[in-house]
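Visitor: Now for the letters of each chain:
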Amino acid sequence: MLELSKVSKDFDGLRAVSNVSLSVKQGEIVGLIGPNGSGKSTLLNVISGRFPVTAGRITFQEHDITPLSPDRIFHLGLGRGFQDPSLFYQMTVLDNTILPAKAQKGENPLFAPFKRFWRQEEHQLAERAYEILTQIDMGRLFGQLASELSGGQMKLLDIARSQMGNPQMLLLDEPTAGVAPPLAQSIFEHIANLRQNENMTFLIIEHRLDMLFNFVDRVYVMHMGELLAHDTPDEILENAEVREVYFGD
Amino acid sequence: QDDVETYVLGVAQPFTGPLGSFGTDFTRGIELAVMQMNAELEASGVNIRFEVASADTEGTPDGAARAVQTIVQTTGAEVIVGPLTTSEVLGAKQFADENGVVIVAPASSGIPGAIPGDNIFRVMYPPDNFAALAFAEIARSRGYENIAILHVDDPFGNGLAERFTIDFQAAGGGEVTTIAYSPEPPDLSGEATALSADVAQLSGSGNTAVFCICFLADAQKLLQVAQIDPILTTVEWMGVENLVSPDLLADAGHAQFLQSVNFISVSFTDTATPLTSPFIESFTAEYGDPPGPFTNYAFDAANIAMLTMLAAGNDGDAVTGMLPFVANHYIGTSVQAYLDDNGDQAIAFYGIFRVADDASSFIEIGTYNGSTGLLEMNE
Amino acid sequence: MLSIRELTAGYGKLEILHQLSVDIQVNHMTTILGANGSGKSTLLKSIFGLTTITGGSITYNDREIIGISTENISKLGIAYVPQRENIFASMTVRENLALAVRKASRAEAALRIDRAFDLFPILTKRANQRTGLMSGGERQMVAIAMGWLMNPSLMLLDEPTAGLAPLVAKEVFETLYNLSQKGITLVIVEQNARTALRWCEDVCILREGTLVYQGRNDAFAEDDSLLHTYLGLLSIGKQ
Amino acid sequence: MFERILIDSLIRSMQVGSLYALMALGITLTMSVLKLPNFAHAEFVTVGAYTALIVSRNVSTNPIIILGLSAIVASVVALVSHITVFRPFEKQKSSIYIMLLASFAVGLIIRYVLFLTADTFDLFDQRIQVPLEIWYRTDNFILSNVFFWVVPTSIVLVIALSLLLNATPLGREMRALADNFDLARVIGIPVERVKWLTWLLVGALAGISGALWGIQTSVSPLMGWVVILSVFAAAILGGLSSFPGTILGAYVVAFSENTIMQVLNFQFGLSFSFKPAIPFIIIVIVLLIRPEGFTQFFKSNRSLKR
Amino acid sequence: MNIDYVATTIAVLTFFGIWSLMAISLNIEYGVAGIPNFGKALFVSIGAYTTGVTYTRLLPILAGRDFIHPCGSTLADAIQLRSDIIRTMPVVAFVNFGITLVIAAVISGIIGFAFSYLVLRLKEEWFLALVLLVGGEIVRIFVRGYQPLICANNGISAVSQPFAFMGGRSASIAFLMLVLLIAFIAYVYSERLIRSPYGRLLKAIRENEDIARTLGKDVAKTKAQVMFIGSMIAAISGVLFAVNLGFVNTNDYVVTLTLDVWVMVVLGGLGNPKGALLGAFVIAVLDRLTAIAAIQMNMAGFNLEFNFVRFILFAVILLLMMRYRPQGILPEPNYTTEAHDNLTARTTGD
Ligand SMILES: Nc1ncnc2c1ncn2[C@@H]1O[C@H](COP(=O)(O)OP(=O)(O)OP(=O)(O)O)[C@@H](O)[C@H]1O
Ligand SMILES: Nc1ncnc2c1ncn2[C@@H]1O[C@H](COP(=O)(O)OP(=O)(O)OP(=O)(O)O)[C@@H](O)[C@H]1O
Ligand SMILES: [Mg+2]
Ligand SMILES: [Mg+2]
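Residue numbers (this note's numbering), protein chains in the order written: chain L, 1 to 249; chain R, 1 to 379; chain W, 1 to 239; chain X, 1 to 306; chain U, 1 to 350.
So here's chain L without its partners, still in its complex pose (with noise of 0.2 Å):
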């Protein structure tokens, strides 16, 4: 589904990604871990077209994704989450669920002033986003204004946002980081479940492995910007190169 070769990014002369080749097939999930500044975030940035690349491609679901702008990339079905929630603060919880929503109809200046052609769809995206704002025990919270969250909050809602898309693929940077531990077990489950269900596909970075673990098929690590290993989450779990960056045994 998404296919990554020899993708490099260079800032001003420093390499912060650096021949990185990795695949991810439909329906998996996919862990991406490392030491921090490893270049797990750039590499995201990357994919999702916020970052021209240095050098390499980028492939999804067969169309070259390379030159695309990020919002072409996400109208092809590959959705993204922050590492710090980069939320629309002065935005109301539900108004920012509803956003990334794609091709709406009132999301054009000569049809918005008119209610009857978006608001039966418009009713439709509020109660598709306040299940799953639910889902993660945001509901109560809908019309509350993003800057009021909590850190925890902010970082739940920038997940909920990222499905918002119906994309086919998410990238997740960090979800649970700052999440209280059952909420995080829960998003985990959630996540599976989407899988399940609807056979979406995941990269997902994380640093909380216990968590990440138990619901990935597959682990990339990075190291300094190059790929250092790539294995079942056991098999990781063994490697002594991973363990010696990254747990520090």
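Simulated from the structure, these hints should not be mistaken for lab results.
One should not assume that every hint holds.
To be verified - Only pairs whose alpha carbons sit at most 30 Å apart, straight line, appear in this in silico DSS-like list of lysine-lysine:
id: 1; chain 1: L; residue 1: K25; chain 2: L; residue 2: K6
id: 2; chain 1: L; residue 1: K105; chain 2: U; residue 2: K221
id: 3; chain 1: X; residue 1: K91; chain 2: W; residue 2: K75
id: 4; chain 1: L; residue 1: K6; chain 2: W; residue 2: K125
id: 5; chain 1: X; residue 1: K91; chain 2: W; residue 2: K103
id: 6; chain 1: L; residue 1: K102; chain 2: U; residue 2: K221
id: 7; chain 1: X; residue 1: K35; chain 2: W; residue 2: K13
id: 8; chain 1: X; residue 1: K35; chain 2: W; residue 2: K103
id: 9; chain 1: X; residue 1: K91; chain 2: W; residue 2: K13
id: 10; chain 1: U; residue 1: K221; chain 2: L; residue 2: K115
These numbers come from a predicted model, not from an experiment.
Could you slot chains R, W, X and U with the ligands onto chain L? The hints should help.
Guide: For chains R, W, X and U with the ligands alone, kept in the frame of chain L given last:
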């Protein structure tokens, strides 16, 4: 005395904005006229009094329109003295024409205002073509063969520069170069360099002079640079009427410079008119300072407006009909008024001024009669 | 050392903490646990005067500190590492650290900054990089280092290990533990309850702006159900 | 001939450029430390000029005294506007545009207070009583005393400010404050004091530049306002963050207003009335093509901004 | 005092109508979409300059008369021609006016559109404010020095409003109605716009365009649309402004005009179209009231100082408002569409 009737005389002038300094002086001139008129009316037992209602045009056309509107709609005035510049006058024009309000503009002289049959009268200050003639004559009589002009890029500056060039060359003058500077310049260093280059180039083919068509503040900026310019200090200078102001001589360096370059200017303030010195005296007595440039025109415009209203009442349409007649029979502090078809002053009688020997004031050294084209120099 | 009595605080008219009382023992490591939005960060912010306080008292070494301006609280020897925006993003790592030791003499400052680099060796390479351009974990390290450099006797940390790799997270806790051994009192807000309970001897649990539990960590070590009672119940709409 | 014009024009550009630089430095400082595009700076400049005018008439014509008093008065005005206006707005975390409008309003108030004063005491279009003296002359050009005050002053101030901001703890604190106000307070930086110092500095700069600008031109209530966009152009060219960049920007603006305009006029007959567009075109080009201005030339990690 | 209340009201309302158009356009651009358009004067002036051009070029053609050069020596004749046509051929005047509105709106819209793409290159958002601000000045300086458009700095007079043939008060009332109608349409449009998914999109872009982009929104296109709409409305206000004044001149379209519009929007409440209306109304009334006060105080024997104090007062009110009512008089609604109300009803219902 209950049966005293009060006429409101509207005054629309820029008090704020870049022309702010003019507005106050103008208004003082008008208020002085009203005061004197009221005193006369009272002494003669006429039961009419005038009252001034003044509003700020902010120096823009839109501001002028709003000022005139506000005066007319909230005081019942039908006659307005002002505004200052041609673009302000044109801003107020539509409202005036549509509502039968008379605009008596004392100092606007730009060509786009020369429109026949409207409610705008530009009494006293003659259209720029007379001043252009006067300067052309002076330039020729002083033996200037070429002229380097620096002028403000507005209707006044453009019009005068253009006319002057035509007149000067018609009178046998040689080459004229012009440099237009944008209004309200932060400084004029670059223009000064260009001017100095123009002068240097023109000097090659004959006696050259500088002609500064600029506002007082701009002249100050120019002089600050010119007085240490190796070339601009070596030629003679002419300048427009605005510059005949004690403020320009307040800086010793500038005064000295103007003296050394034989600076010459014209002014409409003609001491030959019997009303001039009484006006200056009473103005100084009232406000402590002598009147600034143009203030006498405001004074005269107010008088013409009031005299017309005494004859025609506070009725815009009647005043429109009557005003040329009154104006044509009015002798002002500067000169007689005589209006042409456009309602603009047609008489131009200028005094010619230079810096006095002690560099403290301007003194008159001659006259120029625009109607006859007669230039008389006393020295 | 730090004693909070019946504290009522929030944001504008919105009240988040309701008559909350907590005592922090000197030289202890205390962890504050609680679900998202339970008011942990609000509590720490209140100590630094960054919320609207409508009632109660906060005393530090028997001195009332409500009303002392934010910039003067650090002079009392309290350092605070916020949950978000805890670094100067436009400045380099070194400059960030230098700001934390602004009171020290030049030589001493240099020495202490070196020690901070020893603490987080990754930062050494990045010393002259602008912190805004660094990875989430690297930033977190800078923030902790800054708090530590201020030489506090009480240090408040809001989720210091969020986003840190296990290795670094462990190192951070080790470092913090060492600090506490040297006599620094620590208050640590954590989501990673198990790790926190391993290191911190005192536990406070917040729920919806009130204190629901305060005690020693041993209680939890024996009985996992306690953890479940206090932390496990607070979640999830669906079962 | 052409050579003479060029030299002449270069010298004048240098003088005007130094004055622009002095004014632009203040703007760079408020922009980088206080995150405020301060349009009221124009009026601080005017206040300085009026102070100089009044001092020169009533107290002394010694340039040192004139400049000193101008600096003091303008910095007091700057400080007062901080305390009464800008500080409350910062407290409520207003957006940059609200701050911009606030600075515009502050400028408006000062400007019309000056109008009132000028009107009452008849102080429109006045000259500061500092005579121009010729200190150096050749056949081709003349250098006045003002030239020798203005050029070194601005260069010295630029160096001093750069040092202050980049090499002193105070400078570092200033930048910290600009970056993250709450955190600066949390780590105990006396933010209010740092701001006061910044404003005093900004005011003093404005005062000095106002006095010098007044000597160069003439004093009227709008003098600062008329020049402010050119000055902003200079500051933007400097990347709004670096002092050496700002001074270079100021020279470039002055140079293009004078020398380049000269050439355009000479070669293509472009009228000088288009001159005010030049700094604006520079602004547009710089912002579109090279938004970092000249900062690249003075590259260091210490750039004030993000 | 001899106040003509009716005439004053008409005048104030006319200004209110014209200014509220400017305010509405800025409110959509900045208040909702976060595009800091500090070039309002530019887009308003495009309307005005278009007016100047159509009244001198198009009007004679429509009336079947010969073109007379509007500047220089034939100026008086050209003015005569314009006034004749407008006074005696109302249909032609209307057609000309209508075409002017359309042309102005389209040109300005396109320029706004182009600007929005140009500035995609800008690094920081507020640079756009500066580019537009100085862009306005560049255009103004150009027009001021370029004869063929509106006779350079001389300007074009006698560009009357189309109802001028009616004469007197009925003409101004008719024009006022037209202005208010246009303003009302713009208001309703903008009010509905922000209460729609499009409004939500704009708000999102205002807050963080980078994130909006990664969430699948075409930010560049949306901004261009907004600039197109805003610039169109501004240009329409410019046409109305010019024909109300009867004169087109570069001196009116300076930075202060832009700042005035900003003040209206900030005062009324960013992001709320009602706020834009209220802001325009407050300024229109305040402007006239202080002008009247200045006149009356002057007549009562005070000096002219109030003309200065007026501005100080204005600035102080602005500062106090921004300080104590930072959201403006009418704050922005928290949410966009009615979905919230529906949900609230549902969740509290069961
Ligand atoms: N600036 C604010 N304005 C209004 N309400 C706020 C603000 N910040 C937080 N809140 C609200 O206060 C409550 C407590 O927030 P707080 O940040 O203290 O939670 P927390 O316990 O730190 O949670 P987390 O672990 O998710 O960071 C939350 O419900 C949140 O919505
Ligand atoms: N915009 C940028 N400019 C320059 N350097 C950057 C930028 N973004 C990231 N970097 C650098 O690239 C490296 C990789 O950063 P990245 O954010 O991808 O790390 P990460 O693996 O996500 O780490 P963490 O787990 O701490 O979030 C880091 O050293 C960081 O400093
Ligand atoms: Mg990361
Ligand atoms: Mg928190």
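Visitor: Can you name, in rising order, the numbers of the hints this structure does not satisfy?
Guide: Hints that this structure does not satisfy do not exist here, as all of them hold.
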